[in-house]
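There are 2 protein chains.
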Amino acid sequence: MKIELAKSYGFCYGVKRAINIAEKHPNSVTFGPLIHNKDEIERLEKKHQVGLVETLEEAKKYDTVIIRTHGITKERLKRLKSEGKKIINATCPYVTTPQQIVEKMSKEGYTIVIFGDKQHPEIQGVASYSVLPEKTFTILSEDEIIGLPLGPKVALVAQTTRKPEAYQRIAAKLVARVQELRVFNTICNATFENQAATEELARKSDIMIIVGGKNSSNTKQLFYICQNYLDSCYHIENSNEIKAAWFDGKERCGVTAGASTPDWIIEDVIAKIKELTKES
Amino acid sequence: MKIELAKSYGFCYGVKRAINIAEKHPNSVTFGPLIHNKDEIERLEKKHQVGLVETLEEAKKYDTVIIRTHGITKERLKRLKSEGKKIINATCPYVTTPQQIVEKMSKEGYTIVIFGDKQHPEIQGVASYSVLPEKTFTILSEDEIIGLPLGPKVALVAQTTRKPEAYQRIAAKLVARVQELRVFNTICNATFENQAATEELARKSDIMIIVGGKNSSNTKQLFYICQNYLDSCYHIENSNEIKAAWFDGKERCGVTAGASTPDWIIEDVIAKIKELTKES
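So the sequence lines, in the order shown, correspond to chains A and B. Letter by letter, the first sequence follows residues 43 to 322 in the working numbering. Letter by letter, the second sequence follows residues 43 to 322 in the working numbering.
It should be emphasised that the hints constitute simulated quantities derived from the structure, not laboratory data. Careful: at least some of the hints might be erroneous.
Identical chains share a label here; the pair holds if one copy fits it or two copies do between them.
[To be verified] Keeping only pairs whose Cα atoms sit at most 25 Å apart, straight-line, the calculated SDA-like set for lysine to any residue is:
(1) K205 x E184
(2) K195 x Y55
(3) K146 x K195
(4) K120 x E145
With the hints as constraints, model all of the structure from the sequences given.
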């Protein structure tokens with residue numbers, strides 16, 4: 043079995059930065075998972091005593107609260123501050139940017155359109171910075187633009203992990219609907235690079251293993267890209283999920299990983315593939 | 043022969059307004075043709091003593107100078123004013139808007155991209171309002187974006203008579219190239235309406251007559267739209283150009299006209315078609 047890693051994969055700048063910050067603050071908690079990777083979160087807890095809370099109620103018990111890479115809502119941040127917590131902000135700077143844009147543009151009276159997943163913490167955080175909640179819309183496809191009460195001036199931002207082509211389509215659709223459209227390119231470069239490298243690798247592989255949290259948006263994007271090129275694509279969180287049968291009759295295995303997947307998990311996955319496909 | 047007029051055609055708001063202004067100022071000249079229609083310009087000269095000059099040198103001889111619907115460059119306007127001329131500004135308000143946007147955005151440091159024809163007076167006028175001429179680019183297709191030294195912030199405007207779909211494609215292409223794109227929808231509604239009505243009529247006609255100045259950008263657009271649906275499309279300036287042979291074997295003739303075509307020319311065209319196709 044020929045195993046090849048994508049030219050660009052795994053941890054992005056924001057994730058590396060957040061882990062670095064967390065490792066320097068033992069005996070703290072992160073509010074929501076720091077990154078979308080359970081194994082790495084377990085490692086932080088065991089090795090660096092960085093816990094995890096999911097509610098404001100739980101957070102009350104701790105002095106130091108780390109804000110996750112995806113950011114949190116403006117209201118929650120305010121609440122944590124008002125309760126006298128020491129706040130360590132590990133929000134990725136690429137996420138802080140759309141938060142600031144949404145705040146500024148809504149203050150200037152622009153209708154806000156966010157291209158992203160309403161359920162994703164990043165987007166809930168970004169949307170919360172709008173001072174015009176009734177004029178703030180989160181959409182996942184250009185079809186959802188139809189019927190939105192947009193007004194003459196619209197500002198558009200994207201979830202950092204979205205595909206540029208889909209963002210371009212949404213921008214194009216909005217152009218025809220408004221007098222002025224301000225499009226902010228908030229898609230992260232690391233996402234571009236991981237996506238391009240994954241596409242390149244998928245083209246020449248007959249099986250693709252995509253490593254990353256099942257709730258990681260950018261990992262899911264990598265999986266969808268692979269599906270365009272081959273049937274044998276597997277989105278796994280760690281090496282335990284790998285099955286030997288996947289590799290029957292395959293010759294070229296590509297491996298890629300989402301931005302929240304640590305190197306130690308990827309190394310473990312490659313070792314497991316080698317072991318399972320070793321000729322006896 | 044069944045002759046049908048497009049549901050929307052001919053004179054737009056800006057052209058009607060300009061002719062109105064010109065008719066109220068006898069013994070003046072327009073600097074460049076007021077609208078792109080030779081016959082109407084002749085009528086204004088004969089009936090209302092509104093002449094035509096093409097250069098600043100010629101303009102010197104007159105006290106009152108009317109600015110054409112397409113506008114003129116900022117420098118020429120300044121020059122006319124400095125020579126003490128009485129300026130009557132008949133620039134279409136829909137053209138004044140992109141002039142003002144280009145001035146404001148370039149002052150704020152945005153690179154300016156204009157979707158339009160470099161040779162067209164409207165675009166020469168609009169581009170002249172940029173305070174950053176080295177950062178102002180006029181393009182006619184999305185392919186021309188490749189290699190442009192754009193910088194991080196771009197403002198995009200369109201010639202009033204461009205097709206919205208092409209503008210959307212250009213906006214989409216630019217989104218991927220810059221940090222912030224401000225798209226101003228400067229395409230005129232009248233253009234939309236005339237184009238949509240022409241398309242509807244072309245679908246059900248077997249010959250289309252498109253009436254308007256040969257150098258009229260919006261009339262040419264109507265002609266191109268018709269070409270998508272049928273081979274027998276004729277762009278004429280007036281009834282003299284019509285040939286009987288065009289109508290051989292045809293049953294349904296559609297007639298449309300550009301925004302600078304006066305009703306009296308359209309009526310004349312229809313009368314001529316009727317005459318030529320009258321069954322003997």
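Status of each hint after checking the structure:
1. In this assembly of identical chains, the alpha carbons of K205 and E184 lie at most 25 Å apart whether taken from the same copy (13 Å) or from different copies (20 Å).
2. With identical chains, the CA atoms of K195 and Y55 are at most 25 Å apart between copies only, with a shortest distance of 24 Å across copies and 33 Å within one.
3. Taking the shortest alpha-carbon separations for K146 and K195, both the intra-copy value of 13 Å and the inter-copy value of 16 Å come in at or below 25 Å.
4. Taking CA atoms no more than 25 Å apart as the test, K120 paired with E145 passes inside one copy only; the shortest distance there is 15 Å, against 41 Å between copies.
Checked against the numbered hints listed earlier, the structure breaks none of them; every hint is satisfied.
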